[in-house]
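Using the sequences provided together with the hints, build the complete structure.
These protein sequence lines are chains D and W, in that order.
By the count of this note's numbering, the first sequence reaches residue 342 at its end, each step adding exactly one.
By the count of this note's numbering, the second sequence reaches residue 447 at its end, each step adding exactly one.
The reader is advised that the hints may include incorrect statements.
What the hints assert, rightly or not - Not close to chain W: a few residues of chain D, all C-beta gaps over 12 angstroms, as computed:
{"hint": "1", "residue": "Ala-161"}
{"hint": "2", "residue": "Val-187"}
{"hint": "3", "residue": "Leu-229"}
{"hint": "4", "residue": "Thr-275"}
{"hint": "5", "residue": "Tyr-285"}
{"hint": "6", "residue": "Lys-336"}
Said to hold, decoys possible - Computed footprint of chain D on chain W; a stretch qualifies when at least three of its residues, placed anywhere within it, have a C-beta under 8 angstroms from a C-beta of chain D:
{"hint": "7", "region": "94–103"}
{"hint": "8", "region": "106–114"}
Stated by the list, open to error - Result set (DMTMM-like, lysine to aspartate or glutamate): computed pairs, CA atoms no more than 20 angstroms apart in a straight line:
{"hint": "9", "chain 1": "W", "residue 1": "Lys-97", "chain 2": "W", "residue 2": "Asp-199"}
{"hint": "10", "chain 1": "W", "residue 1": "Lys-400", "chain 2": "W", "residue 2": "Asp-322"}
{"hint": "11", "chain 1": "W", "residue 1": "Lys-338", "chain 2": "W", "residue 2": "Asp-322"}
{"hint": "12", "chain 1": "W", "residue 1": "Lys-22", "chain 2": "D", "residue 2": "Glu-341"}
{"hint": "13", "chain 1": "D", "residue 1": "Lys-336", "chain 2": "W", "residue 2": "Asp-351"}
{"hint": "14", "chain 1": "W", "residue 1": "Lys-197", "chain 2": "W", "residue 2": "Glu-131"}
{"hint": "15", "chain 1": "W", "residue 1": "Lys-234", "chain 2": "W", "residue 2": "Asp-374"}
{"hint": "16", "chain 1": "W", "residue 1": "Lys-34", "chain 2": "D", "residue 2": "Glu-254"}
{"hint": "17", "chain 1": "W", "residue 1": "Lys-384", "chain 2": "W", "residue 2": "Asp-351"}
{"hint": "18", "chain 1": "W", "residue 1": "Lys-234", "chain 2": "W", "residue 2": "Asp-214"}
{"hint": "19", "chain 1": "W", "residue 1": "Lys-193", "chain 2": "W", "residue 2": "Asp-180"}
{"hint": "20", "chain 1": "W", "residue 1": "Lys-59", "chain 2": "W", "residue 2": "Glu-236"}
{"hint": "21", "chain 1": "W", "residue 1": "Lys-34", "chain 2": "D", "residue 2": "Glu-341"}
{"hint": "22", "chain 1": "W", "residue 1": "Lys-97", "chain 2": "D", "residue 2": "Glu-90"}
{"hint": "23", "chain 1": "W", "residue 1": "Lys-388", "chain 2": "W", "residue 2": "Asp-432"}
{"hint": "24", "chain 1": "W", "residue 1": "Lys-393", "chain 2": "W", "residue 2": "Glu-335"}
{"hint": "25", "chain 1": "W", "residue 1": "Lys-22", "chain 2": "D", "residue 2": "Glu-340"}
{"hint": "26", "chain 1": "W", "residue 1": "Lys-52", "chain 2": "D", "residue 2": "Glu-340"}
{"hint": "27", "chain 1": "W", "residue 1": "Lys-83", "chain 2": "D", "residue 2": "Glu-341"}
{"hint": "28", "chain 1": "W", "residue 1": "Lys-83", "chain 2": "W", "residue 2": "Asp-53"}
{"hint": "29", "chain 1": "W", "residue 1": "Lys-83", "chain 2": "W", "residue 2": "Asp-214"}
{"hint": "30", "chain 1": "W", "residue 1": "Lys-197", "chain 2": "W", "residue 2": "Glu-236"}
{"hint": "31", "chain 1": "W", "residue 1": "Lys-34", "chain 2": "D", "residue 2": "Asp-252"}
{"hint": "32", "chain 1": "W", "residue 1": "Lys-97", "chain 2": "W", "residue 2": "Glu-131"}
{"hint": "33", "chain 1": "W", "residue 1": "Lys-388", "chain 2": "W", "residue 2": "Asp-404"}
{"hint": "34", "chain 1": "W", "residue 1": "Lys-83", "chain 2": "D", "residue 2": "Glu-340"}
{"hint": "35", "chain 1": "W", "residue 1": "Lys-83", "chain 2": "D", "residue 2": "Glu-144"}
{"hint": "36", "chain 1": "D", "residue 1": "Lys-215", "chain 2": "D", "residue 2": "Glu-280"}
{"hint": "37", "chain 1": "W", "residue 1": "Lys-384", "chain 2": "W", "residue 2": "Asp-362"}
{"hint": "38", "chain 1": "W", "residue 1": "Lys-252", "chain 2": "W", "residue 2": "Asp-199"}
{"hint": "39", "chain 1": "W", "residue 1": "Lys-97", "chain 2": "D", "residue 2": "Glu-96"}
{"hint": "40", "chain 1": "D", "residue 1": "Lys-336", "chain 2": "W", "residue 2": "Asp-88"}
These are calculated hints, taken from the structure and not from any lab test.
Just so you know, even glycine gets a beta-carbon here, dropped at the ideal spot from N, CA and C.
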Amino acid sequence: MWQRIQEIMAYREMLRNLVHKELRARYKGSALGFLWTFFHPLLLLVVYSFVFSFVMRVEMENYSLYLFTGLLPWTFHATSLTVGTNIIVSNSNLITKIYFPREVLPLSVVLANSINYLLALPILLGALVYLKWDIGISLLAFPIVLVIQLLMVIGLTLIVSGINVYFRDLEHLLNVFLTGWFFLCPIVYPITLIPKEYSGIYYTLNPVTPLIVAYTDIFYYSKFPDWNSLFYMFVLSLIIFFTGFYVFNSLQKSFAEEV
Amino acid sequence: MNMAIQVQGVSKKYRLYIDRARTLKETMLFWHRCKYHELQVLKDINISIKAGSTVGLIGRNGSGKSTLLKLLSKIIYPDLGTIMISGKVSTLLELGAGFHPDFTGRENIYLNASILGLSRSEVDERIGDVIAFAELEDFIDNPVRNYSTGMYMRLGFAVAINVDPDILLIDEVLAVGDAAFQSKCQEKIDSFRTRGKTIVLVTHDTSQAESLCDYTIWLDNGEIKAEGAPHDVVGAYLDHLSKLEANAAIIAREKYVDISEQSEDEKCNIQDVKRISVQEETFNNDFNNYQNKMKPERWGNGNVHINTTRMFDDTGNERYVFQCGETAKVFIYYEMKQEIKDLVFGIGIFRSDGLQCYGTNTYLDKYNQESYPLKGVVKITIDKLNLLHGKYFLDVAAHSKTGLPYDYLTRHWSFTVRSRIKDAGVTRLDHQWEIRGN
Chain D
84 MWQRIQEIMA
94 YREMLRNLVH
104 KELRARYKGS
114 ALGFLWTFFH
124 PLLLLVVYSF
134 VFSFVMRVEM
144 ENYSLYLFTG
154 LLPWTFHATS
164 LTVGTNIIVS
174 NSNLITKIYF
184 PREVLPLSVV
194 LANSINYLLA
204 LPILLGALVY
214 LKWDIGISLL
224 AFPIVLVIQL
234 LMVIGLTLIV
244 SGINVYFRDL
254 EHLLNVFLTG
264 WFFLCPIVYP
274 ITLIPKEYSG
284 IYYTLNPVTP
294 LIVAYTDIFY
304 YSKFPDWNSL
314 FYMFVLSLII
324 FFTGFYVFNS
334 LQKSFAEEV
Chain W
10 MNMAIQVQGV
20 SKKYRLYIDR
30 ARTLKETMLF
40 WHRCKYHELQ
50 VLKDINISIK
60 AGSTVGLIGR
70 NGSGKSTLLK
80 LLSKIIYPDL
90 GTIMISGKVS
100 TLLELGAGFH
110 PDFTGRENIY
120 LNASILGLSR
130 SEVDERIGDV
140 IAFAELEDFI
150 DNPVRNYSTG
160 MYMRLGFAVA
170 INVDPDILLI
180 DEVLAVGDAA
190 FQSKCQEKID
200 SFRTRGKTIV
210 LVTHDTSQAE
220 SLCDYTIWLD
230 NGEIKAEGAP
240 HDVVGAYLDH
250 LSKLEANAAI
260 IAREKYVDIS
270 EQSEDEKCNI
280 QDVKRISVQE
290 ETFNNDFNNY
300 QNKMKPERWG
310 NGNVHINTTR
320 MFDDTGNERY
330 VFQCGETAKV
340 FIYYEMKQEI
350 KDLVFGIGIF
360 RSDGLQCYGT
370 NTYLDKYNQE
380 SYPLKGVVKI
390 TIDKLNLLHG
400 KYFLDVAAHS
410 KTGLPYDYLT
420 RHWSFTVRSR
430 IKDAGVTRLD
440 HQWEIRGN
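Below, the structure is given as structure tokens:
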């Protein structure tokens, strides 16, 4: 395992280039260029704001702000997984012709999406300033939460990208699954809406929930997240991270024959 | 001497799926339907390659050469056995794999080099060399989608070769670009060798295997058939190939016999020239210069029937490969139903591109015999087979003095002539050099 990670480190230049390629290739040739990065979450924001504050009437102060806070990390999570599922198969020309640590490919997807997430943050911060929202010292906790999320997304992306080589319909299943998953997270509604008797299960079974709660604590409620639950998430993410590497490593030996 | 590559007991099977469940849905629904047969690509391979040597892998298509190369480059993993490699490996399996069409040549150099394991500073150091080597100074900042195939390949080769690995694995990618570029590639590889790097080369070009390599491994059906000094191994390999081809010619001829026996009744009616074209048999792909017009054909009225042709050396061993200048004997076995007085036997030797190198017959040579046995053998002894390096076909014929064919067989037999001297032309004329002052 340690050797694997060292080898991936040796290929960090490739990782860097792939992230660069991922970011550039996605927006190259479009008139709005890099703005497309923000376009997708902004569009979602408009749609959900309309539905939930106008039609469904969620009673929250600045609901859009709350929504946006959760929407950005979710986009990072969901896009990494959807793009990541296909990344080995779509790079079959590399897999069958050149040796490199295969983990680099899914890692590049996750890193590119995390950068997209970071690049969208100024909009969120701008909105906070504009609304004269209370921006607190709690922002310091953001990197910690991000790292925890990164570990988890890397682990999950490694697993799905590896399995998709053998079962090509995972991609489609995952899309349906992600839609359901989205609504199981407290993104479009506050976690307080969950009935008390279920909140325990709701909180522990869905690993994205504590992350969203932590992000909204930091940005929307301007308070430090609950450290206990963060520690729990850290341990869980580490487990997912290493499981991801383990699963991927045991699957990757026949990639070149299967893609 | 340390070993650069050590392969021990390596076996590899591929699964060829007849009906493959590629999705979760299919696997759940039709889990019993997953049929495949296994193809043993490599069987118990043991190879030790010394650091600094240049090794050629030869063998027919499907013999496992490329699989072995992929195993060495860790793209696939063996089912059994171990592979130990010491040093940085670079593989030239396909040039320009991983280029992004929208990126410029320069960007692709960085991208591609990093995929091959170089750091940014290493690329910075070498990018000038790469661009100069690829001869793309004027186009390096254009997107590679606008490149011609040749430019694309050159860039790919330039990047891969400038990675400067300890071990270079090459799979038949040397045929890139024009002659000038090829000789540059050649120089680069030579400089690799002189700097003591290890090269493993898959090639179909046996002369390349001889000129470039100092060790050759011949793979046949996933097993090592022979290994050792290039000259010996290539010789044995060519002998094997010629034998296969000669056998294919025999099979093709036997097909003709089948056809002609079926039409025995018709044959009496048809007195004039009958042409039966014999279907192209399993001539192997290793001879890509084998063209359609070179198909073995046979015609004649059948009054004389040529059964077989064989070639021997002067000690009576059957041979498919001759050294230039060796003695060769051609035996033509024939039979006829009733004795024919007006009988001429002839042979013709053609180079693989169709050029007639020599042709003669008993009439031209004024060889006369009162009577010919009903069943016999015609022996032609060529004291010195002074043909140059290459592949040749033999036509044999029995016909009348006026040219009416009894039995005429083209491309009936094939043989290879090998020569270490790379002289030019068709035949080697006996000669001496002498230079002196006057």
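Each hint, compared with the structure:
For Ala-161 of chain D, the condition that its CB be more than 12 angstroms from all CB atoms of chain W holds, with the nearest at approximately 20 angstroms. Its closest Cβ contact with chain W, about 9 angstroms, brings Val-187 of chain D to no more than 12 angstroms, contrary to its assignment away from the interface. A cut-off of 12 angstroms between C-beta atoms confirms that Leu-229 of chain D is not in contact with chain W; the least separation is 26 angstroms. Against chain W, the non-interface label of Thr-275 of chain D holds: every CB pair exceeds 12 angstroms, the least being about 38 angstroms.
Here Tyr-285 of chain D stays apart from chain W, with its beta-carbon at least about 28 angstroms from theirs, past the 12 angstroms limit. Separation of Lys-336 of chain D from chain W is inadequate, the least Cβ-Cβ distance of about 5 angstroms not exceeding the 12 angstroms criterion. Taking a C-beta to C-beta cut-off of 8 angstroms, the region 94–103 of chain W contributes 4 residues in contact with chain D, enough for the three needed, and the coverage statement holds. Check result for the region 106–114 of chain W against chain D: holds, 5 residues qualifying (beta carbon to beta carbon below 8 angstroms, three or more required).
This hinted pair checks out: Lys-97 of chain W and Asp-199 of chain W have alpha carbons roughly 19 angstroms apart, not beyond 20 angstroms. For the hint pairing Lys-400 of chain W with Asp-322 of chain W, the CA-to-CA distance comes to about 17 angstroms; that is within 20 angstroms, so the pair holds. As the CA atoms of Lys-338 of chain W and Asp-322 of chain W are separated by approximately 6 angstroms, the hinted pair is consistent with the 20 angstroms bound. A C-alpha spacing of about 13 angstroms is found between Lys-22 of chain W and Glu-341 of chain D, which places the hinted pair at or below 20 angstroms, so the restraint holds.
A hinted pair counts as satisfied when its Cα atoms are at most 20 angstroms apart, and Lys-336 of chain D with Asp-351 of chain W does not qualify at roughly 72 angstroms. Of the pairs offered as hints, the one joining Lys-197 of chain W and Glu-131 of chain W holds, with about 19 angstroms between alpha carbons and a cut-off of 20 angstroms not exceeded. Proposed proximity of Lys-234 of chain W and Asp-374 of chain W is contradicted: the alpha carbons are some 44 angstroms apart, above 20 angstroms. Between the alpha carbons of Lys-34 of chain W and Glu-254 of chain D the distance comes to roughly 12 angstroms, so the proposed pair stays at or under 20 angstroms and holds.
For the hint pairing Lys-384 of chain W with Asp-351 of chain W, the CA-to-CA distance comes to about 16 angstroms; that is within 20 angstroms, so the pair holds. Distance check on the hinted pair: Lys-234 of chain W and Asp-214 of chain W sit about 18 angstroms apart at the alpha-carbon level, within 20 angstroms; holds. For the given pair, Lys-193 of chain W sits about 18 angstroms from Asp-180 of chain W by alpha-carbon distance, which is consistent with the 20 angstroms threshold. Proximity of Lys-59 of chain W to Glu-236 of chain W is assessed by CA-CA distance (about 14 angstroms); at most 20 angstroms being required, the pair is judged to hold.
The straight-line distance between the Cα atoms of Lys-34 of chain W and Glu-341 of chain D is roughly 18 angstroms, inside the 20 angstroms bound, and the hint therefore holds. For the proposed pair Lys-97 of chain W and Glu-90 of chain D, the alpha carbon gap of about 13 angstroms is at most 20 angstroms, so the pair holds. Between Lys-388 of chain W and Asp-432 of chain W, the direct Cα distance comes to roughly 30 angstroms. Violation of the 20 angstroms bound is thereby established for this hinted pair. Restraint check for Lys-393 of chain W and Glu-335 of chain W: satisfied, since their Cα atoms lie roughly 5 angstroms apart, inside the 20 angstroms limit.
About 11 angstroms separates the Cα atoms of Lys-22 of chain W and Glu-340 of chain D, which keeps this hinted pair within 20 angstroms; it holds. Distance hint between Lys-52 of chain W and Glu-340 of chain D is fulfilled; the C-alpha atoms sit about 18 angstroms from each other, no more than 20 angstroms. At roughly 15 angstroms between alpha-carbon atoms, Lys-83 of chain W and Glu-341 of chain D fall within 20 angstroms of each other, so this suggested pair holds. Proposed proximity of Lys-83 of chain W and Asp-53 of chain W is supported: the alpha carbons are some 18 angstroms apart, at most 20 angstroms.
Between the alpha carbons of Lys-83 of chain W and Asp-214 of chain W the distance comes to roughly 25 angstroms, so the proposed pair goes past 20 angstroms and is violated. Distance hint between Lys-197 of chain W and Glu-236 of chain W is unfulfilled; the C-alpha atoms sit about 26 angstroms from each other, more than 20 angstroms. Simply put, Lys-34 of chain W and Asp-252 of chain D have alpha-carbon atoms about 7 angstroms apart, close enough for the 20 angstroms limit, and the pair holds. Proximity of Lys-97 of chain W to Glu-131 of chain W is assessed by CA-CA distance (about 14 angstroms); at most 20 angstroms being required, the pair is judged to hold.
A threshold of 20 angstroms between alpha carbons decides the hint, and for Lys-388 of chain W with Asp-404 of chain W the separation of about 14 angstroms falls inside it, so the pair holds. A hinted pair counts as satisfied when its Cα atoms are at most 20 angstroms apart, and Lys-83 of chain W with Glu-340 of chain D qualifies at roughly 12 angstroms. Simply put, Lys-83 of chain W and Glu-144 of chain D have alpha-carbon atoms about 58 angstroms apart, too far for the 20 angstroms limit, and the pair is violated. About 36 angstroms separates the Cα atoms of Lys-215 of chain D and Glu-280 of chain D, which puts this hinted pair outside 20 angstroms; it is violated.
Using a Cα cut-off of 20 angstroms, the hinted pair Lys-384 of chain W and Asp-362 of chain W is violated, with the two alpha carbons roughly 34 angstroms apart. At most 20 angstroms may separate the alpha-carbon atoms for a hinted pair to count; Lys-252 of chain W and Asp-199 of chain W exceed this at roughly 34 angstroms. About 16 angstroms separates the Cα atoms of Lys-97 of chain W and Glu-96 of chain D, which keeps this hinted pair within 20 angstroms; it holds. At most 20 angstroms may separate the alpha-carbon atoms for a hinted pair to count; Lys-336 of chain D and Asp-88 of chain W meet this at roughly 10 angstroms.
Of the numbered hints given earlier, the model fails hints 2, 6, 13, 15, 23, 29, 30, 35, 36, 37, 38; all others are met.
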